[in-house]
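Next come the chains, spelled out residue by residue.
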Amino acid sequence: MSGRVREILSWYRSENPGVIANLARILNHGRLGGTGKMVILPVDQGFEHGPGRSFAPNPDGYDPLYHFRLALDAGCNAHAAPLGSIEMGAAEFAWRVPLILKANSHDVLYDEADPMPALTASVADALRLGCAGIGFTIYPGTRERRALYEDLRELVREAKAVGLVVVVWSYPRGSGLSKEGETAIDVVAYAAQIAAQMGATMIKVKLPSSHLELSAAAKAYERYQVPIATIAERVRHVVQSAFDGQRIVIFSGGPAKGDQEVLSEIRGIREGGGFGSIIGRNSFQRSRDEALAFLETVMRIYAGELA
Amino acid sequence: MSGRVREILSWYRSENPGVIANLARILNHGRLGGTGKMVILPVDQGFEHGPGRSFAPNPDGYDPLYHFRLALDAGCNAHAAPLGSIEMGAAEFAWRVPLILKANSHDVLYDEADPMPALTASVADALRLGCAGIGFTIYPGTRERRALYEDLRELVREAKAVGLVVVVWSYPRGSGLSKEGETAIDVVAYAAQIAAQMGATMIKVKLPSSHLELSAAAKAYERYQVPIATIAERVRHVVQSAFDGQRIVIFSGGPAKGDQEVLSEIRGIREGGGFGSIIGRNSFQRSRDEALAFLETVMRIYAGELA
Amino acid sequence: MSGRVREILSWYRSENPGVIANLARILNHGRLGGTGKMVILPVDQGFEHGPGRSFAPNPDGYDPLYHFRLALDAGCNAHAAPLGSIEMGAAEFAWRVPLILKANSHDVLYDEADPMPALTASVADALRLGCAGIGFTIYPGTRERRALYEDLRELVREAKAVGLVVVVWSYPRGSGLSKEGETAIDVVAYAAQIAAQMGATMIKVKLPSSHLELSAAAKAYERYQVPIATIAERVRHVVQSAFDGQRIVIFSGGPAKGDQEVLSEIRGIREGGGFGSIIGRNSFQRSRDEALAFLETVMRIYAGELA
Amino acid sequence: MSGRVREILSWYRSENPGVIANLARILNHGRLGGTGKMVILPVDQGFEHGPGRSFAPNPDGYDPLYHFRLALDAGCNAHAAPLGSIEMGAAEFAWRVPLILKANSHDVLYDEADPMPALTASVADALRLGCAGIGFTIYPGTRERRALYEDLRELVREAKAVGLVVVVWSYPRGSGLSKEGETAIDVVAYAAQIAAQMGATMIKVKLPSSHLELSAAAKAYERYQVPIATIAERVRHVVQSAFDGQRIVIFSGGPAKGDQEVLSEIRGIREGGGFGSIIGRNSFQRSRDEALAFLETVMRIYAGELA
Amino acid sequence: MSGRVREILSWYRSENPGVIANLARILNHGRLGGTGKMVILPVDQGFEHGPGRSFAPNPDGYDPLYHFRLALDAGCNAHAAPLGSIEMGAAEFAWRVPLILKANSHDVLYDEADPMPALTASVADALRLGCAGIGFTIYPGTRERRALYEDLRELVREAKAVGLVVVVWSYPRGSGLSKEGETAIDVVAYAAQIAAQMGATMIKVKLPSSHLELSAAAKAYERYQVPIATIAERVRHVVQSAFDGQRIVIFSGGPAKGDQEVLSEIRGIREGGGFGSIIGRNSFQRSRDEALAFLETVMRIYAGELA
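Chains as they are written, first to last, in the working numbering: chain R, -19 to 287; chain W, -19 to 287; chain Z, -19 to 287; chain E, -19 to 287; chain Y, -19 to 287.
Everything labelled a hint here was simulated from the structure, so no lab data went into it. Backbone N, C-alpha and C fix where the C-beta goes; we use that ideal spot for every residue, glycine too. It is possible that part of the hints are untrue.
Unchecked claim - Not close to chain Y: a few residues of chain R, all C-beta gaps over 12 Å, as computed:
1) Y46
2) D53
3) L128
4) V136
5) V142
6) A197
7) H217
8) Q240
9) E241
10) S267
What the hints assert, rightly or not - Straight-line distance between alpha carbons at most 25 Å, and here's what the computed SDA-like set of lysine to any residue pairs gives:
11) K199/Z - L99/W
12) K140/Z - R247/E
13) K199/R - D239/Y
14) K199/R - D40/Y
15) K159/W - K199/R
16) K199/R - K237/Y
17) K159/E - A196/Y
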């Protein structure tokens, strides 16, 4: 085991050996294994956005097995998906690529100001399907976040007791925030802190903008001149907000966009001390060959093999 | 066991032998046994629409036993009904035709924009009554769908643990959708995906129209020219949306209409790769003799004996 | 045991011997024992309407023991009451007259469009108090009926597991219905169907009027010319709506009115194939002697000893 | 044990010996022990109204121990208080004066039309603290009374199973009632009936006025000329409404007022067959010496030693 | 053990030896050990206000370990923090400084009139992390306080059963109160009483102003001339409101302000008989050296070494 992985694991000394083992498994798997960096392939868009909108660009993606193979062949650290998808592929892939079962899900067939995902899988499901971890989405800023946090608390308790890693998608949303505020630097840093305080093993946030949403926070950022001008600075602040860099924070790519733009973001994440990326639509909404090439480039950047 | 049935069962390799056995029992039963196609007789209209409106056209239908006999004599793959009805006939019929216990129900004595069925039966009931499976209705698009999905999650967990097949009626409804949107192709495909992701063994949806309801989805359907002009094309897209054809999707007939229209829909379902139909009002709202003749025609189409 | 009682019990073959035994006990008790007809004395008006309004006409009724004695001496098949009343008399009467514990109750100190009774007793109470059955009121048409149906589902499961009969008071009410609609023939038939589907052993409804409340239902009643002009026809339709006469349906007398009117209703219930009556205010809001005489007349009609 | 106490206990023959023993303990304790009458000292005003407003008139009252001593020295039958207070004094006093633990509480820091107390102690607390009973407040007339009644049902079940007496404070309040209606004779009688039906061992109500709140009830009171002109008549009607006098009903004194007025009320309660009083503010909001003298006078009236 | 500590512990004689031992551990720890006074370092602002706003003034504070060390080196009686922070440092510090796990948390990403914290940690967490106690915030005055109080009741029960101290942050807030009312003397005294009645071992309130919020309370304060003009008088009244000084009440410092102002408040708390302070922002939002010096001054005042 590399020294960097040992260092990372040392931050989790309150966890039992089961959690440490699964976390090590993810950190040591694939192309970036041992570097302390990671790239995860998440495919929950079928539930979150609908199947046509998600998979029409590359119809191979309608088949859940396609994504397991892609994660495996690209050398991703893990593959994350909802229950039905994991059930399709777990028997073949659970021992070949670490799996993360998404435990809650949300659809867009009802448009609401304050969205709330539903619990759609359990810790028992993750265990019987051979997963290394379980994923859970919270929406800080949504009206009923209290129920959401309490569901997470239960999940964290149950999952860690049986040695599972808990990955929290901390996505600020809801009527408490402006649209721009959902990715504001103060809000994203806050979301990372909340996930860390609730016991997340790994935290997934969106790449933040330099916008400041909360006036009381803005005053502090300005007064103490917190650097937030560049992607790297903002990533650094978010990582700092998760126990001064002692929790794994990874960043999501958001909607498909130009490759150069994405790669430039990846460089920013690396420079700011981020731990990696979770890359969904930029992976599976292109052909398999293009996806493999693109992910290889991303991983080379994280591995420090490419500027 | 036919090769086609073996192929279908292979998609469910995460399930325990109990679930596989009951699924095989349904696939191998009746006139279409072994073809991989199925026709199911559902009779929940007494609860869903009221007894007079449902059974006045053919008063024999007031007696739950009538439907068990009809399903048996017509060679349907299974009979689905609520608790009280199943309790009337299970002792005589549970070993002669696979039974599916409807676990939730909804009435129309309170008119609401966002309907929510109530849990009206349990997995324990299905077991003591000798059922092969349990049915559950979700209304994607209804405001409180979160509670509904979470009830389904519990039911899926309990049912599969004891070897029961789970049939999900995935019927988009509620204030999140326009009336036309309830059967829009993007919405029905979405409903099939949600049911698949939640762990449904079999999925029942309404036959979709070519309407596109969600603007973000519509853009993708148009850009990538997803074919949705004919019934067969739409059925194919819905089936694709349930794990690229690796989950059983059957279609409901809707209100009684002209026989030729129904049979033409059946041909479209067959051509599009659908797995069969669930035919209620078109069966029991006519005389027994007419129903038997009509169901025989439907089954011959599915069996490929009739163009 | 009479052939008629055997026939009735044959409809309940999904029930365990405990339920069958208690049902037989009720059917075989009192003046109408063995006839397949029944008259039950319910006294829940102290809770439902208030003590003064209920018992001022005959102050003996303030004492719960009075009603046990009246039910016994009049030869009623059973006595139904809430927890406190049953606790007063169970030690003396539980072995002399079948008791039905009302498990939920509602008061009128808060006036609401969508009433909801509260659970006020449990299956464990019914057992320790020696009851033969448990009673539960549902209000189809009330906004939160989902919670109500789910409470009933639990109660049915628990009660039958320990051999108790479940009597469902199915009283359509709530903002989903007009005042007139609460006793409309289509609505009362629907209420009987819902109770039957939920597993009620016995169903209590109000005597319906010829009004049709639901337009979709009205069309079917008119098109298929369902006979609903007379009390007997309406009773026949309600009984038919409860599994084609294979569930026990009894009718409530409503507010005290002229004796001749009540007796004429009793004749209609008998003629229409109803199983009997539940007679509260017409029993205990007159003197004991008058009540005994009146109940004797009612029972003679049901027994076929009086035209 | 006096004949009167034996008679009272005979009304509770459905209860287990544990409940009977604790009820006997309360009936036989103190100055009025054995008379069948009782005076209880309740001190929950610190929670219900706030400490300053409750104890500023006599600052000794800030100390919970003061009230235990007062109840003991005055010869009260029991002392009732919330969890924290009982925890202060139970070790010293639980074996010297029967204690009643208030299981729910309400504060006035949020002003609402439909108040709901919170559960603030449990049956397990009452047992570990050596209490003879547990107290619970219901507000018939408040919108969410259903939840309140269901909490009470659970408490009654748990408490009686372990031999505790259940004292129900039945205080009509909430948007279902006018201010005057909260103490209307029909409403208070109704509140006593509800508590009795829910299984209360002892019932505490406010002394009613002659106002009639509910029009349907008013008609019956007028038609049957129920006597409600004097305090004694109204007390008699309330006692009658609790199972024709077969449940212990005691009356609360309300806010501190002139002694003569209070004593005249006490005489009315005695004359009407009431079982006693629960006297809080009129006890602890005056000096200890005055309180002892005042309570002695009250008890002499109840004992029949004073006109 | 000092006589003062023995005296304090004597007020808690209803508690089991486990609770007494942990309370003694806190009272006997650090610079003020044995004096009966205490200073606690709480750091929950990362969750409550956001990380940037809380830690930008002194970025060392992003690291949870920094606070454990500060609490230890300053000689605080205990350190309180949310789950994630405690998990970071418990293995190293749990045996060196008493830890208090905050069991519920609230963020400001959704602005609401009636705030409700979420449960974010459990008694089981506190035990596995070696904590001496558990902390819980209530907001008397918030609309749903009932749910909050009931969560606290459960927590108190569970925590004390395993020997944990329960510290209640009793912070009046919500639409029931004006902004000024949140720190009004009558309201803060009321908040202390509520926490005491619910079984808090230690109570934390804000330093009150002389404002009177509730009109019914104001009348009593004025009529009985309760002294509330000075800090010391108000502290004395709050302490009196927590069982006449027989519950530990400590005061929070509020936002960072001039040192002299804070120290003058500390003198007032001491003079009024308060048990100490909980000092967060005034500790960690300055450099470590300044914080150590400042806390030393505060402790010398409490120890009586400084006027």
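Practice task
Could you tell me which of the numbered hints above are not met by this structure, giving the numbers in increasing order?
Solution key: Violated hints: 3, 4, 6, 7, 11, 12, 15; rest satisfied.
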